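K.L.:
Given the sequences, and given the hints that come with them, work out the whole structure.
Residues per chain are reported as follows:
Number of protein chains: 2
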Amino acid sequence: MKRVFNFSAGPAVLPVAVLERARDEMLDYKGSGMSVMEMSHRSKDYMAIIANAEALLRELMGIPEDYAVLFLQGGASLQFSMLPMNLITDPASQSVDYVLTGSWAEKACSEARKLCADVRVAATTKSVNYTRIPTQAELTLNPNAVYAHITSNNTIFGTEYPYLPDTGDVPLIADASSNILSRPVEVSKYGMIYAGAQKNLGPSGVTVVIIRKDLMGRKANLPTMLDYQALAKEGSMLNTPPTYAIYILGLVLEWVKEQGGVNEMERRNIHKAGKLYAAIDGSAFYLCPTEVASRSRMNVPFTLANPDLTDAFLAGAKAAGLVTLKGHRSVGGMRASIYNAMPEEGIDALIAFMKEFERVNG
Amino acid sequence: MKRVFNFSAGPAVLPVAVLERARDEMLDYKGSGMSVMEMSHRSKDYMAIIANAEALLRELMGIPEDYAVLFLQGGASLQFSMLPMNLITDPASQSVDYVLTGSWAEKACSEARKLCADVRVAATTKSVNYTRIPTQAELTLNPNAVYAHITSNNTIFGTEYPYLPDTGDVPLIADASSNILSRPVEVSKYGMIYAGAQKNLGPSGVTVVIIRKDLMGRKANLPTMLDYQALAKEGSMLNTPPTYAIYILGLVLEWVKEQGGVNEMERRNIHKAGKLYAAIDGSAFYLCPTEVASRSRMNVPFTLANPDLTDAFLAGAKAAGLVTLKGHRSVGGMRASIYNAMPEEGIDALIAFMKEFERVNG
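Chains as they are written, first to last, in our numbering: chain A, 4 to 365; chain B, 4 to 365.
Please keep in mind that the hints were generated in silico from the structure rather than gathered at the bench. If you're wondering where the values come from, they're calculated on a predicted model, not measured in any experiment. Using N, Cα and C, we set each Cβ at its ideal position, and we do this for glycine too.
List of simulated lysine-lysine pairs, DSS-like, C-alpha gap at most 30 Å:
id	chain 1	residue 1	chain 2	residue 2
1	B	K33	A	K5
2	A	K117	B	K216
3	B	K192	B	K222
4	A	K117	A	K129
5	B	K236	A	K129
6	A	K216	A	K117
7	B	K117	A	K216
8	A	K222	B	K110
9	B	K129	B	K192
10	A	K110	B	K47
11	B	K216	B	K110
Covered by chain A, according to a simulated footprint, are these stretches of chain B (three or more residues, beta-carbon under 8 Å):
id	segment
12	4-14
13	33-39
14	240-250
15	323-329
P.N.:
Right under this line is the structure:
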């Protein structure tokens, strides 16, 4: 068996211990005589799996009782629509705020425009190719907005909010797909946090929604599968949930807990990202496009001072077992996504390769 | 390792060969050094996996070129809403037909009512507790309907259309979640066929939609993730698809092909279901509530002439390694779901247990 260091932005590397357990339980989960994939979602065994996943997420993130935790489908992208669909009761007169810090924020904003006449851009850093996060002072927030939406980490541009935006009484909504569980968050400061699982939580195919209960049930007659209240009422079991993806998510949460929880994840992430940024900043051969204060601990884009060497860098890295490092076309160069499950050895191997590549080509 | 015979209605039994391959490839897919779960959905390896799954489904079902194949999320239940959302352009004046043959058909119809003023029931067998499928002559179809919707197999009530409804020029839409791939279907007779994967196709978390291309793109400004046209345009990759569920679905399709394709599946299913119904009908100890002509090959409900023995039957069956046989509360008694992946040995073991239980308790 071969294993590489996989710097994919998502779906992304999972802890080896999680994959080993999934492998070992594939044909017979704990003596049940069947795979988790084959279990009725209403069976005792499966009900325990989903309940355990929710309990672990609540424990790890400190989610208060007045928040519902939903395991949904459709990715963060479906949330771009479900959010306004559920929260906006009068599309002609109500207003919502979006802070644009990258492509995903733009998409969330575009979907809201289909469902609400007055969608305001509270701030945008598009003019600097999203290389930084706007400061609190730059946010022109509407105190009457139904909600204010941010993207807490920007996978493509490699930026992350270094502060918690203060939106006053307006519920703050965060797409946290690419940094959930990488650092502690005060859930009670948010109206809703949502995240596709395929970066820090597990495989693709399950989306976590953490929503303050009073924000649900505002609109009648929604399609049932798009109604937070209806979904919450059935404990994410309105229909068959993505059972296997939730099982893997639960294994990842167990792993995070065993490692020391979210505080320990943050400590490691600061350490790992710090090392990598230091290696980039420490050489004129490598460049990082992002503003230092806005840098993401999860996604580290970097380019070569001589961009003609990019293909050689990627090919050499791949040969050294360092894969999926190609940067997004909006930024170019390289991007190293270093989520919770990326071990420090992966960072060290990447840095060693960068040094060697510079020695040979510099 | 222990394995049972699992008669779950869904998620349901998968071929052992599929689970073994998933286990063996869990940490390293074909020398890639990573799990399929960890792969970028845009990677060459993964693009081959999803393309192969679509090609196999097209081959096995004989899907014509003028039909799109989509791998979506949200289950058949989300299709209950996406279907009217996409096809009805004038909710105030247009009309749609629904044939009610069980709980899932009722739910599909209820969701349509939220999105279309004139939803007609073309036929219903609710008065006989859905123990039969209405005949063609009983369908009061509206020739001006935008579409006519059926549920091709009823998981709960154990009935299945023994004929293909003729809806004239009105597009026929089928929820085929519980009998897709169990028998050949002439796809060109349908406007759209949809199916949650967790019965005959793979794990939960992926929904297959096979739609005639001219039925897409009728409505502007839909939420992108709910727009068939937008989803088809990106080859089900508008956002991150449920990558692992699609991989398993592909393995199941390979298995079906290896076994001899859909014709062979049908031959086996006729044989397996025939044996089980014969065992039930051959004894006054067991009863089957469904009309003979409407009986499902996939879900076989049966009760005991003495219902007081039901709990003992279920407990004894479980002890004999025959699990998830409890009937749905709407029908009571037992239900044996015997999808493609249920081996004949499972049917034989169930029949042997039934005979022994009758001998002891009869």
